[in-house]
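Residue numbers (our numbering), protein chains in the order written: chain A, 3 to 350; chain B, 3 to 350; chain C, 3 to 350; chain D, 3 to 350.
Do not rely on the hints blindly, as some may be mistaken.
For chains that are exact copies, the list does not tell them apart, and a pair is met inside one copy or across any two.
Straight-line C-alpha distance at most 20 Å; calculated EDC-like pairs for lysine to aspartate or glutamate [as the list claims (entries may be wrong)]:
1. K142 <-> E121
2. K216 <-> D302
3. K294 <-> D269
4. K4 <-> D271
5. K142 <-> D153
6. K58 <-> D17
7. K294 <-> E77
8. K58 <-> E22
9. K110 <-> D146
10. K216 <-> D17
11. K4 <-> D286
12. K110 <-> E135
13. K58 <-> D103
14. K294 <-> D271
15. K294 <-> D270
16. K294 <-> D17
17. K110 <-> D145
18. K194 <-> E109
19. K142 <-> E34
20. K58 <-> D269
21. K4 <-> D191
22. K4 <-> D240
No lab work stands behind these hints: they were computed from the structure.
There are 4 protein chains.
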Amino acid sequence: MKIDAVNIPTAHPADVSGLERLFESGRLRPEEVTCIIGKTEGNGGRNDFTRDLAMKAFEDLFSRRLGISPREVTERMIFSLSGGCEGVVSPHIVVFSTSPDGTPQSEKRLALGIGHTREFAPEEIGRMPQIEETARVIRKVIDDIHADPRDVHLVQMKGAIPAFTARSNMEYSRAASALAAGVATGEIDAAKLSDDVVCRDWSLYSTVASCSAKPGLTRTEVMVLANSASWGGDLVIDHTALRDMLDVPSIHALFARMGMPVNGQLDDDQRRRLVGVFAKSEADPRGTVRGKRHTMLTDDDISDTRYSRCVLSSVIAAVLGDTAVYVSTRAEHHGPLGGGTVAVVVRM
Amino acid sequence: MKIDAVNIPTAHPADVSGLERLFESGRLRPEEVTCIIGKTEGNGGRNDFTRDLAMKAFEDLFSRRLGISPREVTERMIFSLSGGCEGVVSPHIVVFSTSPDGTPQSEKRLALGIGHTREFAPEEIGRMPQIEETARVIRKVIDDIHADPRDVHLVQMKGAIPAFTARSNMEYSRAASALAAGVATGEIDAAKLSDDVVCRDWSLYSTVASCSAKPGLTRTEVMVLANSASWGGDLVIDHTALRDMLDVPSIHALFARMGMPVNGQLDDDQRRRLVGVFAKSEADPRGTVRGKRHTMLTDDDISDTRYSRCVLSSVIAAVLGDTAVYVSTRAEHHGPLGGGTVAVVVRM
Amino acid sequence: MKIDAVNIPTAHPADVSGLERLFESGRLRPEEVTCIIGKTEGNGGRNDFTRDLAMKAFEDLFSRRLGISPREVTERMIFSLSGGCEGVVSPHIVVFSTSPDGTPQSEKRLALGIGHTREFAPEEIGRMPQIEETARVIRKVIDDIHADPRDVHLVQMKGAIPAFTARSNMEYSRAASALAAGVATGEIDAAKLSDDVVCRDWSLYSTVASCSAKPGLTRTEVMVLANSASWGGDLVIDHTALRDMLDVPSIHALFARMGMPVNGQLDDDQRRRLVGVFAKSEADPRGTVRGKRHTMLTDDDISDTRYSRCVLSSVIAAVLGDTAVYVSTRAEHHGPLGGGTVAVVVRM
Amino acid sequence: MKIDAVNIPTAHPADVSGLERLFESGRLRPEEVTCIIGKTEGNGGRNDFTRDLAMKAFEDLFSRRLGISPREVTERMIFSLSGGCEGVVSPHIVVFSTSPDGTPQSEKRLALGIGHTREFAPEEIGRMPQIEETARVIRKVIDDIHADPRDVHLVQMKGAIPAFTARSNMEYSRAASALAAGVATGEIDAAKLSDDVVCRDWSLYSTVASCSAKPGLTRTEVMVLANSASWGGDLVIDHTALRDMLDVPSIHALFARMGMPVNGQLDDDQRRRLVGVFAKSEADPRGTVRGKRHTMLTDDDISDTRYSRCVLSSVIAAVLGDTAVYVSTRAEHHGPLGGGTVAVVVRM
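Using the sequences and the accompanying hints, generate a full structural model.
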């Protein structure tokens, strides 16, 4: 198998015209599309309906193209839409497609696998049952795609919030998903986990998790991006953990590892190889960045989630020279406290 | 004469405790303070009262320390407070002080001069009379401090808006101030100017202007920062124009010119030499950055001024590894359209 | 013919379940639906995508129910969705349906007619050609439904903005639509109109207009609600102009005219008769309400449109004891400056 | 003793010119000013510095007029400044002054008393020790002004938050203050109170409390407004509890009890008698108003506190025909859940 991916700008949340053009031109086949990750221009909060609008447009499109029902579309593919294109972020989608490939590869290439947990009971959320079941599924997906856990660079999850219970808020669900990713990839020692560490012991974290939580969802959807010797194509993925929101050296080191040394900013050739950049950010809850006070958490006019997306996307875009950056927020146990994570898919 | 400057974090808009400590310790003498430039944590808009609050605190402080009235404080010193500490920006003030210095310098050093225009009639605002009188004053200040116009790197101006007239809005006043700076420094050919180019011909701009406009102010206050062979101390200033909000290479080149080559990010030694970083930003009015759509101008929840300050301050902070960055917005004829300007004061 | 109308709460912008239930129960027939007016919970601004999301849901629903294409749905019915459910406003839709009715009426009853102008050239927008053509169409619709111009109480219009020209902004298009309504209903003397009065002479206004403007729309869509002796059913409409945002006495007088005298607040029986309440609001551009300063126009964190909708909807809801109130903003030449308009449909 | 009070509009948060004019004219004597309650045009949140700006202006004014230090000003008088002038609310202050009065009154008149609790330990906040000590002080102030607890109509409190502890957040401090007011006035049976009911049993509430909480304040400041036969002057106070945000009938009944029957809206004569209107509001946490959904709690762009102030102030202003209304938010145990409280001071 091989993965291809294409980064498509959108003119508004319901814009699928770019995707349609690729279908028309034969560049992309609708039946091979596995997953779409994208940023829509809402506020990323509870009243952000841009994700629903985009979903309706995707359901219409694939329902029409594939002759299946809208429900079948969402069962067949993974959609991960994140609201909030603050600052320079350009609304865009990254479309992953999977196709057979007989060519043997000398290098590990991007592999993509999906799975989902069993349904969770409300009282399991944010506790060990959610962590263990999610870790089990992630490990299984890693196995399915013949990847080494150390080659996993992004575990995108839409976490369950089956119903209201004491712990069933979004924060705890995301935290448990992230801890599960850490266990599955070997970043976290499972022996250190218990109900008590969730949203408390911030020294435990995954640097490859990217978790959201969706009220009403009863099971967690999992997508794993890794490099694998069993997969073909010309894409590879790598990632880094940021120590804080200004950790440019880590981003430079990430690109250097991928054979793209940064001289101030990616050059045109390097930029052309970029397929997708996926990050998680959080305004440092301690109220400072590098010892100096920030005001993101005490501004009652603008949410800290909007600020933190705006800051990290600007920092990353400054390195890339490109604004098609996916940054989402709320990053419990995603990288070190006040830091974040960045994963990059490039064409070799 | 020599200039000293110190960058002081503030805990809230009325916080002068850092300044008081420097007075107490003898590190700074209140009677030598010439100018304070700072960022306060408001929205930077019409209902941003943090600047007034900070002004009251400064007036109280200097009035008490110098035994003069609050009005005399504002006549004696220049205060340039800009609201809006979006994202990682840490509220801070840069305090400039001037003192006699007999030591001859082998290198040009930071020089600071202040002046003000005559009072403007409302109908002069945004037109040639404002431009010509402002340029005359800037040139005089440059002469006063024995600087070469080509060594001017920042012309901070608080522009007049004497009363309402057709053109007397803030946009036109700032534009005229910026064009005046361009004429005075030789960046703009005076022969190309007319009433018609103001806020229309964006190919005409200054890269050293930093202009605000204040309704009710009848004359424009001017502060010039330049390097001059006649001044002592250990500070120097330089600046660059940004081609767009992601123009990291220009910032790197600026530091390289100052003998501080950037390897990804300033290192600790380089960072310790930073005294003040002053920038102007604007969300590109054409709606794109490097060919990709941005949504800063179509978001009716958050002002584009807040976004553009957040973006440029993040980009600059990413280079510096420091969040005490002064970025203000509304940048008509300040650098190329969609770009911006950055001036940096460092200790040699 | 007769009109029926029903006020349906929505759980989110794409919620058509209430409408579906009425179809299922036979209370409403999809083929009889003529028009849907509703409030969605967005910001009402340029980046409010809740209206698009609702439109997609309506198109899906009627397309499926009536076996026609989404485009045919929008050609067959009028949809007037307004974003912004500030404060107590409850998101809701008012669905109007038209059906044959042989019963002769002794009283005038609610009549509904729709029409549209020819396509406008960009340079016609905000000028006499737009006004005259729109007035012509409104008069024709009034004739079509056999109504007296003095019995017209609401002219809901979605105005053309074919493309960018000097005057083709939304403000001028809405203004021209409102002036056209005033001419068609006899509120404005056509002899007083010229290009120059548009957005300038605020003494000229209609009290029955409710106009929006939609960039990209080349013709103006018109819906007229009036009372007519030729129509049946049990609905009637009336309206009032508010002198300012606190003009409760005018709202009381309106209900009294409809046989519903208000003792502080509508009682339960009166409230049950309410079908729809449609208002236009504007924060007084002079900066005061009843001689006292308001801050709606100088708040750079929250738009005056959101404030003015919140205020007027609260005032109206206070009279009604009901929160299903439709208030939209930007009210050029809609009632006196700083005032507004209110139209009410009740069941007799 | 007698109380006088005057309602003064302000042009900006630091505007004391209206107060100065009253001092100049002899209408008011600075040494008789006891208390100032006012609304400033900030966001009412953590980064609302308009209250600090106003305080600085008041401290300057009284310090200068009375020849005392700023600290003595704040120890001598009570200042209760609330940020947030959403919608039609006009920024204003109500200045209370106390002076000797030998004239015996036949009717009870407005009495004002102030006091403060002992210092609280952090662990006492939100628990019985805070409630009991606060209730003791309120009762003592009521006794001091010779009022019957049933004649108390407003207990304005600035509550202690000495430092961070598990319960020492603002919510619990306000709640304890409100419960204390309920005990002191006899509205709440003290036997029903325990640590467990705080912020949990919403059936327990006071209808006269108006509590804020201020981090860093170690003791709670208390001001009681009541009617008393021992006091002179021509002011009286009364209050009502609102069942919900649209409870206009209760406001009408309140005015009727004060001899001011409302016919739709107060008439000019009635309006001239108004001195101050003080309310507490809260967006109904159950998400509905009168059975219909509201969106104040799910809007991530605008805080529910701003919406609820905007709504209730509009409703009250609609009854008054006046926009100098004081509404503050966060109303734990202040009136029934989803309701609010309104106190009115009028001139007889």
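Evaluated hints:
no.	hint	result
1	K142 <-> E121	within (17 Å within a copy, 59 Å between copies)
2	K216 <-> D302	between (25 Å within a copy, 16 Å between copies)
3	K294 <-> D269	between (32 Å within a copy, 17 Å between copies)
4	K4 <-> D271	neither (23 Å within a copy, 47 Å between copies)
5	K142 <-> D153	within (14 Å within a copy, 65 Å between copies)
6	K58 <-> D17	both (11 Å within a copy, 13 Å between copies)
7	K294 <-> E77	neither (47 Å within a copy, 32 Å between copies)
8	K58 <-> E22	both (15 Å within a copy, 18 Å between copies)
9	K110 <-> D146	within (15 Å within a copy, 67 Å between copies)
10	K216 <-> D17	between (23 Å within a copy, 18 Å between copies)
11	K4 <-> D286	neither (39 Å within a copy, 39 Å between copies)
12	K110 <-> E135	neither (28 Å within a copy, 67 Å between copies)
13	K58 <-> D103	neither (32 Å within a copy, 39 Å between copies)
14	K294 <-> D271	between (37 Å within a copy, 18 Å between copies)
15	K294 <-> D270	between (35 Å within a copy, 15 Å between copies)
16	K294 <-> D17	between (41 Å within a copy, 15 Å between copies)
17	K110 <-> D145	within (15 Å within a copy, 66 Å between copies)
18	K194 <-> E109	neither (35 Å within a copy, 60 Å between copies)
19	K142 <-> E34	neither (22 Å within a copy, 54 Å between copies)
20	K58 <-> D269	neither (37 Å within a copy, 42 Å between copies)
21	K4 <-> D191	neither (32 Å within a copy, 59 Å between copies)
22	K4 <-> D240	within (17 Å within a copy, 51 Å between copies)
Violated hints for the displayed structure, listed by number in ascending order: 4, 7, 11, 12, 13, 18, 19, 20 and 21.
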